[in-house]
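There are 2 protein chains.
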Amino acid sequence: MSKQLPKRSEDYSLWYNELVKRAGLAENSAVRGCMVIKPYGYAIWEKMQRTLDDMFKRTGHQNAYFPLFVPKNLFEAEEQNAEGFAKECAVVTHYRLKLDPERPGKLIVDPEAKLEEELVVRPTSEAIIWSTYKGWIQSYRDLPLLINQWANVVRWEMRTRLFLRTAEFLWQEGHTAHATAQEAVAETRQMLDVYAEFAEEWLALPVVKGVKTENERFAGAIETYCIEGMMQDGKALQAGTSHFLGQNFAKAFDVLFTNKEGQQEHVWGTSWGVSTRLMGALVMAHSDDEGLVLPPKLAPIQVVIVPIYKTGQLDELLERIRPIQMGLIERGISVKIDDRDTERPGFKFAEWELKGVPVRIAVGARDLDNGTLEVARRDTKEKMNLPLADIVNSVALLLNDIQQNIYNRARSFREEHTTRVDSYDEFKQVLNDKGGFVVAHWDGTSETEKRIKEETKATIRCIALNEPDEDGVCMVTGRPSKRRVYFAQAY
Amino acid sequence: MSKQLPKRSEDYSLWYNELVKRAGLAENSAVRGCMVIKPYGYAIWEKMQRTLDDMFKRTGHQNAYFPLFVPKNLFEAEEQNAEGFAKECAVVTHYRLKLDPERPGKLIVDPEAKLEEELVVRPTSEAIIWSTYKGWIQSYRDLPLLINQWANVVRWEMRTRLFLRTAEFLWQEGHTAHATAQEAVAETRQMLDVYAEFAEEWLALPVVKGVKTENERFAGAIETYCIEGMMQDGKALQAGTSHFLGQNFAKAFDVLFTNKEGQQEHVWGTSWGVSTRLMGALVMAHSDDEGLVLPPKLAPIQVVIVPIYKTGQLDELLERIRPIQMGLIERGISVKIDDRDTERPGFKFAEWELKGVPVRIAVGARDLDNGTLEVARRDTKEKMNLPLADIVNSVALLLNDIQQNIYNRARSFREEHTTRVDSYDEFKQVLNDKGGFVVAHWDGTSETEKRIKEETKATIRCIALNEPDEDGVCMVTGRPSKRRVYFAQAY
Chain A
1 MSKQLPKRSE
11 DYSLWYNELV
21 KRAGLAENSA
31 VRGCMVIKPY
41 GYAIWEKMQR
51 TLDDMFKRTG
61 HQNAYFPLFV
71 PKNLFEAEEQ
81 NAEGFAKECA
91 VVTHYRLKLD
101 PERPGKLIVD
111 PEAKLEEELV
121 VRPTSEAIIW
131 STYKGWIQSY
141 RDLPLLINQW
151 ANVVRWEMRT
161 RLFLRTAEFL
171 WQEGHTAHAT
181 AQEAVAETRQ
191 MLDVYAEFAE
201 EWLALPVVKG
211 VKTENERFAG
221 AIETYCIEGM
231 MQDGKALQAG
241 TSHFLGQNFA
251 KAFDVLFTNK
261 EGQQEHVWGT
271 SWGVSTRLMG
281 ALVMAHSDDE
291 GLVLPPKLAP
301 IQVVIVPIYK
311 TGQLDELLER
321 IRPIQMGLIE
331 RGISVKIDDR
341 DTERPGFKFA
351 EWELKGVPVR
361 IAVGARDLDN
371 GTLEVARRDT
381 KEKMNLPLAD
391 IVNSVALLLN
401 DIQQNIYNRA
411 RSFREEHTTR
421 VDSYDEFKQV
431 LNDKGGFVVA
441 HWDGTSETEK
451 RIKEETKATI
461 RCIALNEPDE
471 DGVCMVTGRP
481 SKRRVYFAQA
491 Y
Chain B
1 MSKQLPKRSE
11 DYSLWYNELV
21 KRAGLAENSA
31 VRGCMVIKPY
41 GYAIWEKMQR
51 TLDDMFKRTG
61 HQNAYFPLFV
71 PKNLFEAEEQ
81 NAEGFAKECA
91 VVTHYRLKLD
101 PERPGKLIVD
111 PEAKLEEELV
121 VRPTSEAIIW
131 STYKGWIQSY
141 RDLPLLINQW
151 ANVVRWEMRT
161 RLFLRTAEFL
171 WQEGHTAHAT
181 AQEAVAETRQ
191 MLDVYAEFAE
201 EWLALPVVKG
211 VKTENERFAG
221 AIETYCIEGM
231 MQDGKALQAG
241 TSHFLGQNFA
251 KAFDVLFTNK
261 EGQQEHVWGT
271 SWGVSTRLMG
281 ALVMAHSDDE
291 GLVLPPKLAP
301 IQVVIVPIYK
311 TGQLDELLER
321 IRPIQMGLIE
331 RGISVKIDDR
341 DTERPGFKFA
351 EWELKGVPVR
361 IAVGARDLDN
371 GTLEVARRDT
381 KEKMNLPLAD
391 IVNSVALLLN
401 DIQQNIYNRA
411 RSFREEHTTR
421 VDSYDEFKQV
431 LNDKGGFVVA
441 HWDGTSETEK
451 RIKEETKATI
461 RCIALNEPDE
471 DGVCMVTGRP
481 SKRRVYFAQA
491 Y
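Sequence lines, in order, name chains A and B. Residue numbering for the first sequence follows the UniProt record's numbering, starting at 1 and increasing by one per position. Residue numbering for the second sequence follows the UniProt record's numbering, starting at 1 and increasing by one per position.
Everything labelled a hint here was simulated from the structure, so no lab data went into it. A couple of the hints might just be wrong.
Treat identical chains as interchangeable: a pair holds within one or across any two.
Said to hold, decoys possible - In silico lysine to aspartate or glutamate, EDC-like type, Cα no more than 16 Å apart, as pairs:
#1 K106 / E330
#2 K3 / D110
#3 K260 / E416
#4 K98 / E83
#5 K297 / E382
#6 K114 / E157
#7 K98 / E200
#8 K47 / E201
#9 K310 / E351
#10 K260 / D142
The structure presented is a predicted model; accordingly, all values stated were derived computationally and were not measured.
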């Protein structure tokens, strides 16, 4: 712990990478672009999974599991989707290795075990799932079909970054089928709301809900909805997407149903997903130069108790501390007592700061005698003395307060970093000076969007759902615009 | 539901396959050898996962996630392991597809996107995990390292069967590292006990705990422990394995630690896993010619309520049924009211029998007036009239009784199908007449074991841990033997 983290202000990118590694969230693996998610990071991901899974089930979805591999001929079926992902997919061509006759103990691909049809490692599962839905859907009575899958996917990215962009990542992908366009759109929007609620209530990350432009749309979708968060370096991060697929996949895979009038129609589809990328958002939105700042609702350890004692007195002190731990646990709070006799309190404090534990309680025999405990909150680093008699209530309230404070802080930051501009010069100036969201009029064309991206690296993050109509002119071309859109440089 | 299932006595294998499909557990996919786990099947798997995960955590393990791919040069490092799995592994050789210039809309592997080092899709993760552990372990203070992973793995099996043997399957794999051999062996045995407890208490499947012979050992292990269950056709099924790896992987990947005396030593390892194969065991052990028989502890729906009503009276009846449902739910029992107005009770009864719901309650207005409900248990098909006033308690007790009864039934079956023989003729006779476990003396050589396998298709399932020492002679060679071993034909 002695080595200091790089500072955000000096090298944000290095700070992020080092923090992810040193806090024990993840590390790079021996496989290019793939990460190892370490136990502490995985514990956070499990909390995310559990929470989201409950939300999906409450909205009527069931989990299922579909194959990792997509035969090339199925992968091809929906052309836009295939073209969109073909450039970055891992392909299995053989099903056996054999001993290399020339190098003892080494293996080579067995040329006799070549697959007739290559298998694509799923970059997303629409193809394999819709080819299955064909067998599951005959009548309107089979609809809606509301299914989610927790899985790993592979996209062969050239420039990778822990959690934010990795060749393999973990995610959930919902795939639903409906009798009408209206119902499918409602599902798409509902899941966007679920994601937004999760981001705001659990990740403590305020998000802008919106629609992607055609350029940024999911390959194979009619409309892509998204939630966009703002990181501390002024860059946006897409934290979840929900796609209205229209009848694209139903047509590609021939998924028809008999409606109530006895006629055959193509089914309407949606898909929606969030991934381990949320781990990156969590780190980038809240953490500081001392380490992680975890929202209490997702912290694997919410409270750490550090005993302060003289040599030889640890056991006796622990006896007195355990009832405090038990009281907190009974209240549903996760507590760790750091009872290592090999490290000093200062070292422990720094380590739990690095790991982002929301509340730290330092307890010595004298504190217990006096009936007062020193409680430190991670988010503001404030220390306070709280009465032992009411410690469980105080800590429960404090955890709520921390959750709210982290959210408020991120929200203030975003508000300070959301600027409405009317000229392209001002646009560039703002991007250069402080980044963040720049809300401006745009003429609605891909050409203008691409030009802006080339000249400023900013993309249209979304056409925000709650953005009011407003007559204006495109800041670049002067052509008329009915509504401002959200630009930002993004991860 | 009208079509009857094949009968177990006529074609056990067909019965199994049809049942798995019709009950909505799984089906074959468009990818050779890979299955789709359907929502009802996945719901059972989720219950298994949750239970096992809690057991792993209670015994001090943490979850993590390691890459799907293993670079070929890492895969090779532990020779026995590599040789064991090389014959059946999927290999990624390219990372891009491109449009076929000759066939519009079709894709081909891009020859320019060939990987320098091929990637093996993990058939098991020892190689990638031990190559990571090298960076995590320096000192005895880093040990034990107790990690589990929930993941998909791929083994290119030629003959596949839903759940029991599929090219891709879901599993958990524990990988632990220890300072001493003794501690690693204790971990191996502890996890075997966890698996046995899970099998007996949750799957209601009695198991024999034992050690595999060298022939049947995991590639790369010093010793493989296993639990073996007995299916209704008299074949054994290996339901979980726990391996003592010695220092094999530590040596292959150079994982050393400094012990308390300041000396460098290789770490000792274990690995252990259970998979979606358990779903197959669950079906084969308990189900009958009408459908699944699920142990209540793993049933996604424990009680189904079927309203019995005249046309137009459903809503009124449902109003009166809901309090019963709520009472059961408050007791922690999962209940579904089958309120479909489109199907008749008889159809619903058959469907829930097929799906193995442990308890069915048929409720009409008159039953409610009389204060008595007709309750049917799935395991024995017994029907009883139970007082409405005490229905929650009665159902809770009934569910416990069903769990116990299913276990007892499977245990009796296994006892009736466990035969001790002293001659090879008798051995063949028993295998032929009724199958099951045949417990016999064996001379301890691989030759004899292989000969028996060739001649009878029976393998040594295990050297049971609780089998007493007994002087005897090998039934085949007459050579001395100190202990009987368990033979069976197996899945």
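Homomeric proximity label, K297 with E382: Cα distance no greater than 16 Å: neither (20 Å within a copy, 47 Å between copies)
Within, between, both or neither, where K98 and E200 count as close if Cα-Cα is 16 Å or less: This pair counts as neither: shortest intra-copy Cα distance 52 Å, inter-copy 40 Å.
Intra- versus inter-copy proximity for E416 and K260 (alpha-carbon distance at most 16 Å): Classified as neither: same-chain Cα gap 53 Å, cross-chain 55 Å, threshold 16 Å.
Identical-chain pair category, K47 with E201, by Cα at 16 Å: Within. Shortest intra-copy distance 13 Å satisfies the 16 Å Cα cut-off; inter-copy 27 Å does not.
Up to 16 Å CA-CA - E330 versus K106, copy category: neither (56 Å within a copy, 60 Å between copies)
Intra- versus inter-subunit Cα pairing at 16 Å for K114 with E157: between (26 Å within a copy, 15 Å between copies)
Status of D110 relative to K3 across identical chains (alpha carbons, at most 16 Å): This pair counts as neither: shortest intra-copy Cα distance 48 Å, inter-copy 45 Å.
16 Å Cα threshold - placement of D142 relative to K260: within (12 Å within a copy, 64 Å between copies)
Alpha-carbon proximity context of K310 and E351, limit 16 Å: Neither, since 21 Å and 68 Å both go past 16 Å.
Identical-chain pair category, K98 with E83, by Cα at 16 Å: The answer is between: 8 Å across copies meets 16 Å, while 34 Å in one copy does not.
The structure fails to meet hints 1, 2, 3, 5, 7, 9 from the earlier list, while all remaining hints are met.
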